[in-house]
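So the protein sequences, as listed, match chains A and B.
When we follow this note's numbering, the leftmost residue of the first sequence carries the number 52, and every step to the right adds one.
When we follow this note's numbering, the leftmost residue of the second sequence carries the number 2, and every step to the right adds one.
Since the hints were made in silico from the structure, they are not lab data.
Please note that the accuracy of each hint is not assured.
[Unchecked claim] Here's a subset of chain A near chain B, in silico, CB distances under 7 Å, partners left out:
no., residue
1, 54
2, 59
3, 60
4, 61
5, 62
6, 65
7, 71
8, 73
9, 77
10, 87
11, 89
12, 98
13, 109
14, 126
15, 130
[Said to hold, decoys possible] Here are some, though not all, of the chain A residues that point toward chain B, as calculated from beta-carbon distances under 7 Å:
no., residue
16, 74
17, 85
18, 107
19, 114
20, 141
Since we're looking at a predicted model, the values are computed, not measured.
Even glycine gets a Cβ: it sits at the ideal position worked out from N, Cα and C.
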Amino acid sequence: MSNWIEIGKVEEIPKQGARVVETAKGDIGIFRTLEGEVFALRDRCPHKEGPLSQGIVHGKRVTCPLHNWNIELESGEVVAPDEGCAASYPVKVDDGVVYLSLEANPDNS
Amino acid sequence: MKERLVLVGNGMAGIRTLEELLKIAPDKYDITVFGAEPHCNYNRIMLSPVLAGEKTIDDIILNSQEWYDENNITLHTGKTVVDIDRRGQKVIADDGTTACYDRLLLATGSNPFIIPVPGHDKEGVIGFRDIKDVDTMLVAAKQYKKAVVIGGGLLGLEAANGLVINGMDVTVVHLGDTLMEMQMDAFSGEMLKASLEERGLKFRMNSSTVELTGEQRVSGLKFADGGELEADLVVMAAGIRPNIDLAKKVGIHCERGIVVNDTLQTFDPKIYSVGECVQHRGVAYGLVAPLFEQAKVCANHLAGYGIAIYEGSTTSTKLKVTGIDLFSAGDFHGDESSEDVVMKDASRGIYKKVVLRDNKIIGAVMYGDTIDGAWYFQMLRDETDVSDFREHLMFGQAHLGDSGHGGSNAASALPDDAEICGCNGVCKGTIVKAITEKGLFTLEEVKSHTKAAASCGSCTGLVEQILASTVGDYSETPKKKAMCGCTEHSHDEVRAAIRDQKLTSIPAVMSALEWHTPDGCASCRPALNYYVIAAWPQEAKDDPQSRFINERAHANIQKDGTYSVIPRMWGGVTTPSELRAIADVVDKFEIPSMKVTGGQRIDLLGVKKEDLPAVWADLNAAGMVSGHGYGKSLRTVKTCVGSEWCRFGTQDSTGLGVKIEKMTWGSWTPHKYKIAVSGCPRNCAEATIKDFGIVCVDSGYELHVGGNGGIHVVATQLLCRVSTEEEVMEYCGAFMQVYREEAHYLERTAPWIERIGLSYAKQRIVEDEAGRKALYARFLVSQEVFQIDPWAEAVEQDHIRKDYIPIKKLG
Ligand code: SRM
Ligand SMILES: Cc1cc2nc3c(=O)[nH]c(=O)nc-3n(C[C@H](O)[C@H](O)[C@H](O)COP(=O)(O)OP(=O)(O)OC[C@H]3O[C@@H](n4cnc5c(N)ncnc54)[C@H](O)[C@@H]3O)c2cc1C
Ligand code: SF4
Ligand code: FES
């Protein structure tokens with residue numbers, strides 16, 4: 052099962068914003084929505100590798116800062132009419148602490 | 002259980018309403034559609050190109066069976082609804098099929114008007130309305146020789162042109178003496194007639210048909226003047242009548258059409274109606290664009306939002322006969338209170354007439370050169386005051402400095418591999434393919450599917466033309482443009498509400514104006530953030546999460562995710578110690594690249610995000626602050642050397658530039674804002690392509706506004722002359738403040754001035770002294786709040802600085 056790694060406190064991630072986790076295999080963006088939900092995506096836009104963590108977060112989506120593609124935070128799917136998918140990772144919040152697993156969700160790596 | 006929606010009429014307006022509805026409330030209804038025609042929904046307006054052999058039926062299908070299946074819509078084709086049980090909420094079709102509804106939508110379109118002369122029911126007498134009629138015409142063209150089209154309007158001419166192309170000998174019989182008199186004046190009507198005659202059409206004007214002769218099949222016509230004409234095929238194109246048979250039969254209030262209110266509701270509150278069958282505020286429309294506006298409003302009510310209102314439409318017309326360019330809109334006849342501006346060049350085949358009342362366009366007719374049709378039409382709908390550029394009006398938008406894209410403007414003549422969008426490398430063929438394969442209609446759809454016109458936007462006009470030549474002319478933008486998909490409100494309405502209701506945060510605006518989305522989108526949030534802080538500088542709190550990354554990180558994001566840093570260099574003036582400090586920073590942080598910018602300062606490119614605060618700390622220590630090269634804010638004040646050194650300098654342009662930059666830096670504006678000061682009319686600082694430009698002259702200062710050096714180069718217009726530096730500062734601050742308070746987010750001063758008129762700016766800044774002083778005072782108040790160095794702030798405040806570094810670094 053998932054190997055949870057402690058990342059930090061949930062308040063350290065701004066609502067409607069994101070922070071980055073550096074890993075050996077590249078950055079992962081940890082996003083927090085207005086409602087307080089937390090999601091993790093590989094920090095590379097499927098279009099031209101823009102850093103998604105730097106985009107504007109709205110609803111359960113983020114708009115890439117380079118050319119405005121929209122990406123679903125939950126699945127990593129790019130919103131139509133654009134196409135593509137960013138790998139998403141399991142995250143959970145336990146007692147105000149964020150945990151991340153580095154095994155990308157199977158359906159979309 | 003879901004509510005049930007039944008649509009009667011599987012045509013353009015009805016299906017468009019369903020599409021709009023599915024966008025905003027995909028799961029609200031179980032939908033059933035009845036269509037009398039045995040086809041899926043197709044693009045009726047393209048029947049003319051089908052008849053002319055330029056398109057096939059397959060090309061013009063808008064919604065295939067798969068579309069209905071994917072959206073779980075039950076489609077009954079070839080079934081005419083003959084009755085409605087309003088009490089039982091049920092519709093009944095001619096074959097006995099029934100369907101129950103909670104909401105019913107009537108979109109039964111209209112019928113061709115068949116003139117009831119003796120013989121009108123003979124074989125070979127048809128209207129021009131649907132695929133069946135086109136088939137009849139194509140078959141007749143193979144078997145027979147002579148055709149007559151009754152009616153010299155848009156439809157009649159398109160039918161006649163198509164029949165000529167199919168080899169028939171065609172005469173157009175017209176009651177009046179001007180073709181298309183609903184759309185054309187006598188002069189342009191005559192030009193049109195001449196070029197149609199060149200294509201082989203014949204005309205019999207001023208002719209009233211009294212009888213159609215023949216046995217079972219028609220063989221000729223008799224006219225009131227006693228004349229006769231042979232015909233094996235007669236196409237009646239003498240107008241259309243709203244199809245209200247069904248509505249009338251079941252007692253829904255009808256006059257000329259089915260009467261609806263501003264929400265497209267009939268007198269039976271469960272029954273809505275859209276399209277050519279309706280009569281709204283006394284008007285029944287016969288073009289697609291208004292029907293699409295109705296569809297949008299109706300969908301909003303069917304979805305239960307209940308906020309949209311349809312207020313009627315202004316329409317424009319183009320004739321779809323390949324090779325003939327004709328455009329008309331509004332009231333082009335005019336009256337005693339209006340004036341005509343006319344340009345005729347008969348040998349080039351060009352005629353343009355623009356009708357003005359009180360310096361506003363009320364109508365336009367163009368023949369031969371219609372490239373500016375959309376521009377005139379936009380000004381007509383916006384009620385733009387044209388007095389400031391009246392002398393250029395007839396020469397078109399290109400003469401206002403808007404030089405368009407690469408100088409080319411005839412999209413239809415371009416080959417498929419011509420690059421249309423230079424930013425995203427999109428060719429004409431790709432756009433056409435996307436339009437036809439994906440069934441795109443609007444500029445917005447083309448932008449999002451192909452990316453053409455989605456970046457800098459300079460090719461928008463070309464894309465619109467390609468759209469028009471591929472699917473027909475839908476180039477209607479509603480009178481009032483919503484800010485984005487999250488709301489119905491326009492920029493102006495939102496700004497007014499923020500001011501009047503003292504809304505000081507984004508959530509307050511969204512709740513007061515009933516936003517559809519919980520926290521907006523990447524397009525409205527930055528706009529709202531700007532609007533609240535611009536209106537309430539002292540009360541509103543800036544929301545970094547609603548700012549584009551560059552403004553959030555106070556640096557420009559680069560293609561590889563690194564950032565660029567541009568320290569401010571007041572008026573372009575620098576010192577050895579500043580340059581040394583910059584050089585030291587570059588060495589210390591191993592910044593890969595340095596460049597002198599187009600804005601007279603130095604750009605450090607390729608800085609890692611986590612290094613930004615430390616880089617800034619070093620630059621701050623040497624006395625430098627953020628250059629806001631990233632912001633919708635004051636960018637630079639460019640200067641030339643001026644009287645201090647230059648042999649031609651009339652004033653101290655450098656010193657004045659520095660003063661102005663010290664006053665204006667840090668201010669947020671709707672779009673980027675650039676200023677320049679040149680020391681004499683040689684204008685080495687390029688002041689006349691800046692948002693605010695100052696050209697020093699011997700007697701003082703010329704103040705210029707509304708220039709733009711970017712995508713469309715626009716030279717400034719002269720606002721006024723003043724004689725002291727103090728006045729320059731006051732006018733400069735006041736002008737910036739009106740722009741801050743009134744322009745739309747992402748509207749630069751050049752398009753803003755074009756929209757509001759230079760006279761308005763003059764009135765606010767030059768003529769109204771008290772108003773100017775008040776604006777200037779408000780500008781200074783907001784500067785007290787915003788003139789802070791965001792770099793220093795990030796360096797000093799832990800919680801901000803932390804956001805620049807990864808939350809965690811793993812192995
Ligand atoms: C760095 C610089 C180019 C250079 O190497 O010289 C530059 C770089 C960019 N320009 Fe520029 N512009 C630069 C001077 C200009 C100028 C020249 C000037 O200011 O005299 C112009 C034409 C003048 C004008 O604006 O009227 C200019 C017209 C544009 C435009 C078109 C604006 C328009 O209204 O048409 C854009 C696109 C936009 O803003 O939407 C743009 C956008 C950009 C962006 C922000 C593109 C982006 O979104 O990433 C570039 C940022 C690169 C970076 O990270 O620094 N840049 N840009 C110049 C910075 C000046 C400075 O010191 O701040
Ligand atoms: C040849 C031609 C060229 C045109 N060119 C242009 C142009 O260039 N630009 C422009 O803007 N407009 C143009 N138009 C007009 C445009 O096509 C119409 O405005 C538009 O199609 C009207 O849409 P609608 O949904 O109201 O009606 P329709 O598209 O006619 O749809 C109504 C549908 O309802 C069906 N129906 C009617 N009664 C019943 C019933 N009781 N039960 C079941 N089904 C029923 C009809 O069969 C029809 O399919 C053109 C029209 C024609 C015919
Ligand atoms: S710096 Fe300006 S002109 Fe150069 S590529 Fe970037 S946006 Fe285009
Ligand atoms: S890299 Fe994300 S939209 Fe282009």
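Hints and how they fare:
The interface hint given for residue 54(A) is broken, as the beta carbon of that residue sits about 12 Å from the closest beta carbon of chain B, more than 7 Å. The criterion of a C-beta within 7 Å of any C-beta in chain B is met by residue 59(A), whose closest approach is roughly 5 Å, and the hint holds. At its closest, the beta carbon of residue 60(A) sits 9 Å from a beta carbon of chain B; the interface hint therefore is violated under the 7 Å criterion. Nearest Cβ of chain B to the Cβ of residue 61(A): about 10 Å, over the 7 Å cut. The hint is violated.
Hint on residue 62(A) is violated. Least Cβ distance to chain B is approximately 10 Å, over the 7 Å limit. The closest approach between the C-beta of residue 65(A) and any C-beta of chain B is roughly 6 Å, which is under the 7 Å cut-off, so the hint is satisfied. A distance limit of 7 Å between C-beta atoms decides the matter here; for residue 71(A) the minimum to chain B is near 4 Å, and the interface restraint holds. Restraint check, residue 73(A) versus chain B: the minimum CB separation of about 4 Å is within 7 Å; hint holds.
A distance limit of 7 Å between C-beta atoms decides the matter here; for residue 77(A) the minimum to chain B is near 11 Å, and the interface restraint is violated. Because the closest C-beta pair between residue 87(A) and chain B is about 12 Å apart, greater than 7 Å, the hint is violated. Interface hint at residue 89(A): violated, since its Cβ lies 12 Å from the closest Cβ of chain B, which is beyond the 7 Å cut-off. Restraint check, residue 98(A) versus chain B: the minimum CB separation of about 10 Å is more than 7 Å; hint violated.
Against a cut-off of 7 Å between C-beta atoms, the interface hint on residue 109(A) holds, since the closest Cβ of chain B lies about 5 Å away. The criterion of a C-beta within 7 Å of any C-beta in chain B is not met by residue 126(A), whose closest approach is roughly 18 Å, and the hint is violated. Annotation: residue 130(A) was flagged as interfacial toward chain B, and the flag is violated, the nearest CB pair being 10 Å apart, outside 7 Å. Because the closest C-beta pair between residue 74(A) and chain B is about 5 Å apart, less than 7 Å, the hint holds.
At a threshold of 7 Å, the smallest CB-CB gap from residue 85(A) to chain B is about 5 Å, leaving the interface hint in force. Using the Cβ-Cβ criterion of 7 Å, the hint placing residue 107(A) at the interface with chain B is satisfied: the shortest such distance is roughly 4 Å. Because the closest C-beta pair between residue 114(A) and chain B is about 3 Å apart, less than 7 Å, the hint holds. The restraint placing residue 141(A) at the interface with chain B is violated, with a minimum CB-CB distance near 15 Å, outside the 7 Å limit.
Consistency note: the structure conflicts with the earlier hints numbered 1, 3, 4, 5, 9, 10, 11, 12, 14, 15 and 20.
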